[in-house]
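Engineer: Top to bottom, those sequences are chains A and B. For the first sequence, the residue numbers in the numbering used here are 2 to 190. For the second sequence, the residue numbers in the numbering used here are 118 to 407.
What the hints contain is simulated information worked out from the structure, not anything from laboratory work. A couple of the hints might just be wrong.
[As the list claims (entries may be wrong)] Straight-line distance between alpha carbons at most 30 Å, and here's what the computed DSSO-like set of lysine-lysine pairs gives:
hint	chain 1	residue 1	chain 2	residue 2
1	B	277	B	246
2	A	65	A	119
3	A	40	A	119
4	B	246	A	65
5	B	246	A	143
6	B	146	A	119
7	A	143	B	146
8	A	171	A	40
9	A	65	B	146
10	A	171	A	143
[Unchecked claim] If the Cβ cut is set under 8 Å, some of the chain A residues that face chain B in the computed set are:
hint	residue
11	15
12	23
13	91
14	94
15	95
16	137
[As the list claims (entries may be wrong)] Residues on chain A that point at chain B, a partial pick, calculated with CB under 8 Å:
hint	residue
17	22
18	57
19	58
20	60
21	178
Beta carbons are placed, not taken as given, at the ideal position from N, Cα and C, and that holds for glycine.
So you can see what is in the structure, the chains are spelled out below.
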Amino acid sequence: MKMKPAWIVLGVIALGVVFGGGTFVSKWNQLVTMDTDIKAKWAQVENQLQRRADLIPNLVETVKGFAAQERTILEAIANARARLAGAGSVQDRIAASNELSGVLSRLLVVVENYPQLKSDATFIRLMDELAGTENRLSVERKRYNDAVQVYNVAIRRFPDTLIASSLGFKQQPFFEVPEAARQAPQVRF
Amino acid sequence: MDWLRRLPLRTGLLLLLALPSPAFGAAPKLPSPAGPVTDLAGILDAGTQQRLLRLIRDVQERTTAEIAILTVPSTEPLTVEEYAVAIFDRWKIGKRGKDNGLLFLVAVRDRRMRITTGYGLEGILPDGKVGEIRDRDIVPYFRAGRYPEGILRGTEALAKVIQSEGQGDARGQRQQTGRPVHGRSPLVSGVTGILLAVFLVLVLFTVGISATEGRLFRRRRHRRYLVDMRRVWLEELLRSRWVGGVGGGSWGDGPGGWSAGGWAGGGFAAGDFGGFGGGATGGGGAGGDW
């Protein structure tokens with residue numbers, strides 16, 4: 002029996018489709034899992050951003066009780082917080098969060114001039130909560146960045162990148178903190 | 118043109134192997150626990166250590182919460198906060214699922230300390246309360262150079278809160294998503310590929326039958342030929358299923374470290390100390406210097 006070339010070609014194509022299909026599906030599933038992991042980790046980051054935002058009104062009120070004349074910094078805090086509330090995309094929220102961190106650091110410097118404020122029990126407690134929140138934010142940020150790192154590598158490696166781009170998987174942004182603001186507000190008395 | 122056909126595959130494989138694992142940064146060497154109390158800075162006398170161990174065991178028996186005490190000369194190059202979280206992630210203090218662990222870290226040369234609470238203790242030991250304990254029961258003694266007493270009093274105060282306010286099941290802001298997500302194993306991905314292959318086989322077979330239902334090929338010779346071909350196809354596809362599955366698997370073998378992240382490092386061996394329970398932290402707690 003002679004094998005017609007046409008059938009051989011069809012057979013090879015069928016093989017290719019099966020092979021490719023298996024690869025495609027498995028890669029797709031992995032990317033979906035990674036993408037979902039990133040979203041979950043970002044949700045944790047958001048938790049901490051929210052927690053920090055919730056602490057701020059109390060903090061502002063306490064500071065006002067001792068240093069009402071420091072209007073500049075208090076307004077800066079209010080503005081930064083509003084900006085964070087208004088930020089939509091991941092990148093915008095990252096930028097707004099960094100701005101808020103910067104403003105809070107400046108507040109600490111200002112507070113140095115008010116020893117009564119520094120020794121106020123409520124203020125100390127609030128600053129502890131804030132420092133704890135900053136640390137949590139730092140931890141969740143690192144976990145998020147680790148997940149983004151893995152994902153970004155996975156969708157850019159060859160040949161996975163062909164599959165990823167055909168399915169619409171895009172690179173995700175890292176949560177980067179500018180060098181100057183990298184120090185979390187330290188509680189030092 | 119054999120060399121041309123072989124080249125891309127080999128280069129591709131080399132590139133894949135050469136890619137670094139996505140683990141972030143070089144992790145400094147973290148110590149293993151010598152028990153609930155690990156005194157690497159040598160500031161605790163035997164008597165205090167015994168009392169601490171007894172206290173910690175009491176807390177564990179009554180509430181399942183795990184307390185770990187670690188003293189080191191310095192946490193450099195990490196900050197005390199980073200170091201505390203790194204240790205917590207490595208040692209996994211607290212019961213898995215409950216996350217009721219607590220780490221009391223003292224860096225003697227740096228003159229910095231930090232108490233880190235697991236997710237499950239954040240409800241009864243919020244940062245403010247931990248700060249209070251720090252200011253009242255720890256730092257005054259540390260300032261006077263009385264480290265054993267400071268650590269003992271601090272631990273007693275923390276233990277008191279844990280025992281009086283229940284097992285610390287309050288989750289605070291913890292989401293279930295705090296746990297690492299593990300990727301699908303290549304085996305599962307391969308199985309999916311196999312199912313797809315089987316589906317394709319059925320489709321092709323059906324198409325094959327319907328296309329050659331005898332109308333166009335009246336001559337017996339041709340029909341037999343077509344039936345034979347279909348059987349050959351089937352055999353080829355059945356054989357290729359395994360190739361497809363394995364192939365799918367090999368591409369799917371992502372770097373092993375991706376789900377590990379901050380959870381890298383498994384257990385630890387330390388004499389008759391059984392190890393901690395697998396708990397996690399989000400980085401909460403309070404610290405300070407003296």
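Engineer: Please go over all the hints and tell whether each is borne out by the structure.
Structural biologist: Going through the hints against the structure:
1. 277(B) <-> 246(B): Status holds; Cα separation ~12 Å.
2. 65(A) <-> 119(A): Within the cut-off at roughly 13 Å; holds.
3. 40(A) <-> 119(A): violated (39 Å)
4. 246(B) <-> 65(A): Judged against 30 Å, a Cα distance of about 23 Å means the pair holds.
5. 246(B) <-> 143(A): Distance ~26 Å between residue 246(B) and residue 143(A) Cα, so the pair holds.
6. 146(B) <-> 119(A): violated (37 Å)
7. 143(A) <-> 146(B): holds (19 Å)
8. 171(A) <-> 40(A): Holds, because 13 Å separates the two Cα atoms, which is no more than 30 Å.
9. 65(A) <-> 146(B): violated (45 Å)
10. 171(A) <-> 143(A): Between residue 171(A) and residue 143(A) the Cα gap is close to 20 Å, so the pair holds against 30 Å.
11. 15: Constraint on residue 15(A) satisfied, holds at 6 Å.
12. 23: holds (2 Å)
13. 91: Violated - the Cβ of residue 91(A) stays beyond 8 Å from chain B, reaching only about 16 Å at its closest.
14. 94: violated (17 Å)
15. 95: violated (18 Å)
16. 137: holds (4 Å)
17. 22: Where the cut-off is 8 Å and the nearest Cβ of chain B is about 4 Å from residue 22(A), the hint holds.
18. 57: Given a least distance of 15 Å, the restraint on residue 57(A) is violated.
19. 58: violated (16 Å)
20. 60: For residue 60(A), the interface hint is violated, since the closest Cβ of chain B sits about 12 Å away, which is over 8 Å.
21. 178: Where the cut-off is 8 Å and the nearest Cβ of chain B is about 13 Å from residue 178(A), the hint is violated.
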